[in-house]
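K.L.:
Chain by chain, the residues:
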Amino acid sequence: MSEFLSMGGYGRYLWPAFILGFGIVVLNLVMALTSLSDAKRDAKRRLETQS
Amino acid sequence: MATWTWFHRLGSPPHVYAFARRWTPWFGGGAALCMLIALYGGLVLAPPDYQQKDAFRMVYVHAPSAWLSLMIYTSMAVAAAVGLIWRMKVAHAVAAACAPVGAWFTVAALGTGMLWGKPMWGAYWVWDPRLTSELVLLFLYLGYMGLRSGIDDPGKADKASAMLAIVGVVNVPIIKYSVTWWNSLHQTATVMQMGKPKMDGAMLWPLLLMFVAFALYFAAVLLIRLRAELLRRERNASWVREVLA
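Sequence order for the protein chains is A and B.
Read in this note's numbering, the first sequence has 42 at position 42, and its numbers run on one by one without any break.
Read in this note's numbering, the second sequence has 4 at position 4, and its numbers run on one by one without any break.
Hints are computed from structural coordinates only; laboratory data are not their basis.
Using N, Cα and C, we set each Cβ at its ideal position, and we do this for glycine too.
List of simulated lysine-lysine pairs, DSBU-like, C-alpha gap at most 35 Å:
hint, chain 1, residue 1, chain 2, residue 2
1, A, Lys-40, B, Lys-89
2, A, Lys-44, B, Lys-89
3, B, Lys-159, A, Lys-40
Derived coverage of chain B by chain A (criterion: at least 3 residues anywhere in the stretch with Cβ under 8 Å from a Cβ of chain A; other residues may be distant):
hint, segment
4, 44 to 54
5, 96 to 104
6, 108 to 117
7, 213 to 224
8, 228 to 241
Kindly generate the complete structure, drawing on both the sequences and the hints.
P.N.:
Laid out in structure tokens, this is it:
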């Protein structure tokens, strides 16, 4: 396992790169879902004030 | 005739909203599955490179991020052009939904590239044509988003930002061919080239699968952002009431 993590001595560059790349993958999904739920909430509030 | 019906449907916000809601889980699920298999293939099954050793595995996150940053910008410019030419509001909404995702993947491409550059070139950053033109891409995305948010009138914001997106697309071939046109530290094309890729099959299949995963992921995130964008733009339309009921 430690051999896998060390990646031939390149682990200290490789793992931060994977954390950064896939962190951005997760972050973008979360931001998109938050943006959609905010838009739904705003639209519902607007419809309620209109009716 | 069928083509025109399809094109008109693309311009209809309720139709696009329903399409986005139906297809997001399929694109998202496909992306997650492909990503997991590609990660296992790239990190465990692929052999180390004879020159770069295990550092080459950086390609499985760097190359798909960089490819996505260019693909998203091209999609954004095409959507902006369609919006301008056919005055299609949905197309402008697609362009607006592309920008933040593209900007983040440009950051991913630059950041992972820096972490690859340090052990291979001895420096995190050099003012190399490929790196510099990718940094310009980030500024184009930021400029596009800044311009949109700086104009209150949505119609004017759509038009002004569309012009910037279309003019900025000239940077895409510059990034792609920077490694061939100028002396660059960055390696030349490995997969996206005419003829046979330079990579061995055991290293290549996880990379190709990761490209598919990132494309499916982008489709899923774009459709979620597009739904949010349509709800904001069409807040007075009757279909919004039906959708949220």
